[in-house]
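Protein chains in written order, with the numbering used here: chain A, 115 to 437; chain B, 46 to 492.
A few of these clues could be false.
Claimed, not checked - Calculated cross-link-like contacts (lysine-lysine; reagent style BS3-like; alpha-carbon spacing at most 30 Å):
#1 221(A) with 67(B)
#2 216(B) with 173(A)
#3 401(A) with 366(A)
#4 484(B) with 249(A)
#5 171(A) with 122(B)
#6 280(A) with 216(B)
#7 280(A) with 390(B)
#8 172(A) with 418(B)
#9 418(B) with 249(A)
#10 122(B) with 167(B)
Claimed, not checked - Under 7 Å between C-beta atoms, here's a sample of chain B residues computed to sit facing chain A:
#11 119
#12 220
#13 222
#14 235
#15 254
#16 256
#17 271
#18 274
#19 275
#20 331
#21 452
Just so you know, the hints here were simulated from the structure itself, not pulled from any lab data.
In this text the structure is predicted, and so the values were computed from the model without any measurement.
C-beta atoms are modelled at their ideal positions from N, C-alpha and C, and glycine is treated no differently.
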Amino acid sequence: MVIMNNIKSNLNLYKKMLLIRRFEEKAGQLYGMGKIGGFCHLYIGQEAVVVGVDSVKKKGDQVITSYRDHGHMLSCGMDPKGVMAELTGKKDGYSKGKGGSMHMFSKSEDFYGGHGIVAAQVPIGAGLAFANKYKNNQSVCFTYYGDGAANQGQIYEAFNMASLWKLPVVFIIENNQYAMGTSIDRASSTPKLFTRGEAFNIPGMLVDGMDVLEVSKATELAASNCRNGDGPYILEMNTYRYKGHSMSDPAKYRTREEVQNIKDKKDPLENFQKHLLNEGLDEDEFKKIDKNIKEIVSEAADFALESSEPDLADLYEDIYLDN
Amino acid sequence: MNSNEILMPALSPTMEEGGIAKWLVKEGDIIKAGDLIAEIETDKAIMEFESTVDCTISKLLVEEGTNHIKVNTPIVKINDDLNPLPIKNLNKENDKKNKPKKIINTQNDLHDIKFEKNENLKILTVRESIRDALAEEMRADENVFLMGEEVAEYQGAYKVSQGLLDEFGSKRVIDTPITEHGFTGLAAGAAFGGLRPVVEFMTFNFSLQAMDQIINTCAKTLYMSGGQMNCPIVLRGPNGAASQVAAQHSQDFAPWFSSIPGLKVIQPFSANDAKGLLKSAIRDPNPVVFLENEILYNDKSASSEIRDELIPIGKANILIEGTDVSIVSYGIGIKHSLMAIELAKDINISVELIDLRSLRPIDYKTVFESIKKTNRCITVEECFPVCSIGNHLSASIMENVFDYLDSPVINCAGKDVPMPYAKNLELAALITPEEIFEKIKKVTNWD
Numbered sequence: 115m116v117i118m119n120n121i122k123s124n125l126n127l128y129k130k131m132l133l134i135r136r137f138e139e140k141a142g143q144l145y146g147m148g149k150i151g152g153f154c155h156l157y158i159g160q161e162a163v164v165v166g167v168d169s170v171k172k173k174g175d176q177v178i179t180s181y182r183d184h185g186h187m188l189s190c191g192m193d194p195k196g197v198m199a200e201l202t203g204k205k206d207g208y209s210k211g212k213g214g215s216m217h218m219f220s221k222s223e224d225f226y227g228g229h230g231i232v233a234a235q236v237p238i239g240a241g242l243a244f245a246n247k248y249k250n251n252q253s254v255c256f257t258y259y260g261d262g263a264a265n266q267g268q269i270y271e272a273f274n275m276a277s278l279w280k281l282p283v284v285f286i287i288e289n290n291q292y293a294m295g296t297s298i299d300r301a302s303s304t305p306k307l308f309t310r311g312e313a314f315n316i317p318g319m320l321v322d323g324m325d326v327l328e329v330s331k332a333t334e335l336a337a338s339n340c341r342n343g344d345g346p347y348i349l350e351m352n353t354y355r356y357k358g359h360s361m362s363d364p365a366k367y368r369t370r371e372e373v374q375n376i377k378d379k380k381d382p383l384e385n386f387q388k389h390l391l392n393e394g395l396d397e398d399e400f401k402k403i404d405k406n407i408k409e410i411v412s413e414a415a416d417f418a419l420e421s422s423e424p425d426l427a428d429l430y431e432d433i434y435l436d437n
Numbered sequence: 046m047n048s049n050e051i052l053m054p055a056l057s058p059t060m061e062e063g064g065i066a067k068w069l070v071k072e073g074d075i076i077k078a079g080d081l082i083a084e085i086e087t088d089k090a091i092m093e094f095e096s097t098v099d100c101t102i103s104k105l106l107v108e109e110g111t112n113h114i115k116v117n118t119p120i121v122k123i124n125d126d127l128n129p130l131p132i133k134n135l136n137k138e139n140d141k142k143n144k145p146k147k148i149i150n151t152q153n154d155l156h157d158i159k160f161e162k163n164e165n166l167k168i169l170t171v172r173e174s175i176r177d178a179l180a181e182e183m184r185a186d187e188n189v190f191l192m193g194e195e196v197a198e199y200q201g202a203y204k205v206s207q208g209l210l211d212e213f214g215s216k217r218v219i220d221t222p223i224t225e226h227g228f229t230g231l232a233a234g235a236a237f238g239g240l241r242p243v244v245e246f247m248t249f250n251f252s253l254q255a256m257d258q259i260i261n262t263c264a265k266t267l268y269m270s271g272g273q274m275n276c277p278i279v280l281r282g283p284n285g286a287a288s289q290v291a292a293q294h295s296q297d298f299a300p301w302f303s304s305i306p307g308l309k310v311i312q313p314f315s316a317n318d319a320k321g322l323l324k325s326a327i328r329d330p331n332p333v334v335f336l337e338n339e340i341l342y343n344d345k346s347a348s349s350e351i352r353d354e355l356i357p358i359g360k361a362n363i364l365i366e367g368t369d370v371s372i373v374s375y376g377i378g379i380k381h382s383l384m385a386i387e388l389a390k391d392i393n394i395s396v397e398l399i400d401l402r403s404l405r406p407i408d409y410k411t412v413f414e415s416i417k418k419t420n421r422c423i424t425v426e427e428c429f430p431v432c433s434i435g436n437h438l439s440a441s442i443m444e445n446v447f448d449y450l451d452s453p454v455i456n457c458a459g460k461d462v463p464m465p466y467a468k469n470l471e472l473a474a475l476i477t478p479e480e481i482f483e484k485i486k487k488v489t490n491w492d
């Protein structure tokens with residue numbers, strides 16, 4: 115029975131990862147068709163990170179991240195239709211069409227954005243953890259940032275306060291190897307990002323971010339550290355982004371072979387599928403899942419395209435909240 | 046300077062007078078350089094004051110507990126004879142007829158000019174009224190907390206948060222590291238998480254470090270989230286020029302913050318407005334920038350009767366009614382305007398004085414109605430003259446009540462230079478009552 119439950123929950127992890135991949139592929143298509151504008155940062159390749167972390171999340175735990183945020187929203191249970199409608203700038207989007215790809219939020223799912231300024235979400239995440247501690251509610255804030263953000267000063271300001279005040283925050287570094295076009299070796303004097311909390315007495319761990327079960331295991335440890343009142347934890351997720359930084363990225367900073375090699379050897383979905391097949395799941399099950407996910411994504415795209423543009427009167431709404 | 050005297054020292058940039066909280070020596074004591082002489086109450090704190098010379102204390106010139114002693118007033122007579130004085134001399138020094146005399150405060154009290162006295166209402170300084178507003182709101186809502194540099198154990202760099210740590214404890218009155226960018230972002234996160242942070246910037250000059258979090262996070266998240274996520278945060282502290290702290294520490298940021306949709310911006314003058322508006326700011330579900338002024342914290346002209354009322358954000362106040370010209374001002378501009386209006390009285394020009402109090406949203410209606418009556422307008426503010434609040438108001442006045450104007454609107458602001466250090470240059474860089482008086486004459490064609 116335990117084994118069956120395990121397989122069922124593992125299959126859910128796979129479904130979530132597949133949803134993110136198919137959703138992002140569709141978003142890429144819609145961008146190419148001119149249906150999505152502005153900046154659009156796809157999560158393809160990094161799916162195991164957010165799905166693994168969320169497998170540990172409890173009700174009330176918060177998530178906050180940067181602008182590469184579609185995966186985080188889908189994983190935490192936000193409706194793909196609402197996310198896609200926001201990407202297309204429609205009134206049924208999560209931000210009524212006023213946020214776009216980089217700025218989406220869901221209070222009901224405890225997703226606090228979606229932040230467009232590199233690293234700005236990190237002190238905010240520490241602040242959400244501060245509120246948890248103030249209210250003594252046992253919740254943890256999972257605060258994501260990338261290897262590029264890791265060189266911003268405000269992260270170390272947040273580290274200092276999080277450690278000083280023992281805030282329940284897990285700092286999750288999604289090291290996808292490139293900050294836009296600058297590889298980690300060219301940007302970081304100390305590329306072992308998980309060690310950067312040492313000066314603040316924050317423990318850190320390097321995790322294979324392409325393996326959803328490894329991510330889950332590490333996050334469990336980090337989160338219980340927080341829930342025990344021992345303060346923050348750093349997890350460096352070693353991962354890889356298959357697509358460009360944003361849609362306009364020509365990706366001249368790396369070779370096609372490098373990308374292909376990762377896809378062949380480290381793909382988080384393929385490897386996890388193999389693992390599940392070894393556990394005894396049959397291929398038909400995956401075909402069914404694939405079909406189902408494609409339908410969900412296709413419905414989301416249709417919904418987003420059919421939804422109307424925001425009312426012009428909405429331009430002046432939501433600037434201030436009434437008392 | 047008499048080397049046989051010790052003078053009341055200036056222990057802060059804005060200190061003009063001080064008090065002897067406690068004598069730590071008595072007449073006849075022999076002291077060494079570095080020994081403590083007295084505890085002196087400044088405009089910011091009670092500070093220990095030590096001798097710079099080896100000497101004998103021959104006479105204490107003021108009584109313990111005396112306040113309002115001007116800087117450079119002799120407070121102790123000393124001599125360099127380091128042998129103990131004969132006992133009879135000591136007795137003589139303590140003779141009744143030689144008792145130190147009280148020094149009377151002579152500071153110009155503008156308070157009488159503008160407010161009617163009501164015996165039932167207490168008069169507080171701006172500093173005290175801000176502290177009271179914080180304390181009352183913290184008592185009313187346990188989610189309200191204060192964070193900033195030196196707000197707790199030090200009791201506030203400018204004594205504003207004095208006593209709050211004792212009443213509310215370190216969970217709610219929180220000393221932060223010197224890390225403006227970090228703690229402003231952290232406070233914004235706490236606000237998203239359901240708390241009501243009040244962030245003190247030691248001065249608003251340091252808020253520049255946190256500008257991204259103020260503008261991009263606090264102000265914009267409600268809009269970017271389609272109305273889901275508000276940021277109920279108050280960002281407060283002294284703003285504008287203090288006294289001889291030079292360019293990096295003297296600047297009025299009112300126009301900067303006021304240009305950002307999503308922020309509310311307040312700059313009070315009187316103690317009553319400071320209290321009523323800060324309470325409104327803390328209860329407001331939006332981010333509010335609350336710009337205080339170090340000079341006004343203790344200023345008699347800004348001290349006022351406290352009427353214990355909430356003052357709505359976005360409502361100007363007509364401080365003085367008049368018929369010939371409208372002065373539209375805010376913050377310390379009101380102090381200078383009040384003095385200029387006294388001068389104008391002598392030449393029979395009747396000035397209406399409007400204290401904007403809130404700079405976003407701005408109370409256009411009150412301004413326009415006043416101009417319809419007086420047909421002339423001067424704006425007075427301390428900020429830089431380019432892209433000032435007055436510039437914006439001039440444009441709005443032209444668009445809306447141009448036909449009522451008998452003369453172009455005159456903007457009176459600080460000079461277009463970084464704040465210099467030297468006293469005379471600093472004075473020249475700031476607005477003065479005399480300048481405002483000249484503009485009053487100009488706009489009314491007085492000659």
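Hint check results:
Between residue 221(A) and residue 67(B) the alpha-carbon distance is near 56 Å, which puts this suggested pair outside the 30 Å criterion. Note on residue 216(B) and residue 173(A): the hinted pairing holds, with a Cα-Cα distance of about 25 Å set against a maximum of 30 Å. Proposed proximity of residue 401(A) and residue 366(A) is contradicted: the alpha carbons are some 36 Å apart, above 30 Å. As the CA atoms of residue 484(B) and residue 249(A) are separated by approximately 55 Å, the hinted pair breaks the 30 Å bound.
A threshold of 30 Å between alpha carbons decides the hint, and for residue 171(A) with residue 122(B) the separation of about 72 Å lies outside it, so the pair is violated. Simply put, residue 280(A) and residue 216(B) have alpha-carbon atoms about 13 Å apart, close enough for the 30 Å limit, and the pair holds. About 62 Å separates the Cα atoms of residue 280(A) and residue 390(B), which puts this hinted pair outside 30 Å; it is violated. For the suggested pair residue 172(A) and residue 418(B), the alpha carbons sit about 64 Å apart, so the restraint of at most 30 Å is broken.
Pair hint residue 418(B) plus residue 249(A) does not hold up; C-alpha atoms about 54 Å apart against a cutoff of 30 Å. At roughly 38 Å between alpha-carbon atoms, residue 122(B) and residue 167(B) are farther apart than 30 Å, so this suggested pair is violated. Interface restraint check: residue 119(B) against chain A, minimum CB-CB distance 47 Å, threshold 7 Å, status violated. The beta carbon of residue 220(B) comes no nearer than 10 Å to any beta carbon in chain A, farther than 7 Å, and the hint placing it at the interface is violated.
Checking residue 222(B) against chain A by beta carbon gives a least distance of about 6 Å; that is within 7 Å, so the hint holds. With a least beta-carbon distance of about 4 Å to chain A, the hint placing residue 235(B) at the interface is held under the 7 Å criterion. For residue 254(B), the suggested interface contact is broken, since its CB lies about 9 Å from the closest CB of chain A, more than 7 Å. Hint status for residue 256(B) relative to chain A: violated, with the closest Cβ pair at about 11 Å, above 7 Å.
The closest approach between the C-beta of residue 271(B) and any C-beta of chain A is roughly 4 Å, which is under the 7 Å cut-off, so the hint is satisfied. Nearest Cβ of chain A to the Cβ of residue 274(B): about 5 Å, under the 7 Å cut. The hint holds. Given hint, residue 275(B) at the interface with chain A, holds; its Cβ is 5 Å from that chain's nearest Cβ, closer than 7 Å. Restraint check, residue 331(B) versus chain A: the minimum CB separation of about 5 Å is within 7 Å; hint holds.
Hint status for residue 452(B) relative to chain A: violated, with the closest Cβ pair at about 35 Å, above 7 Å.
Consistency note: the structure conflicts with the earlier hints numbered 1, 3, 4, 5, 7, 8, 9, 10, 11, 12, 15, 16, 21.
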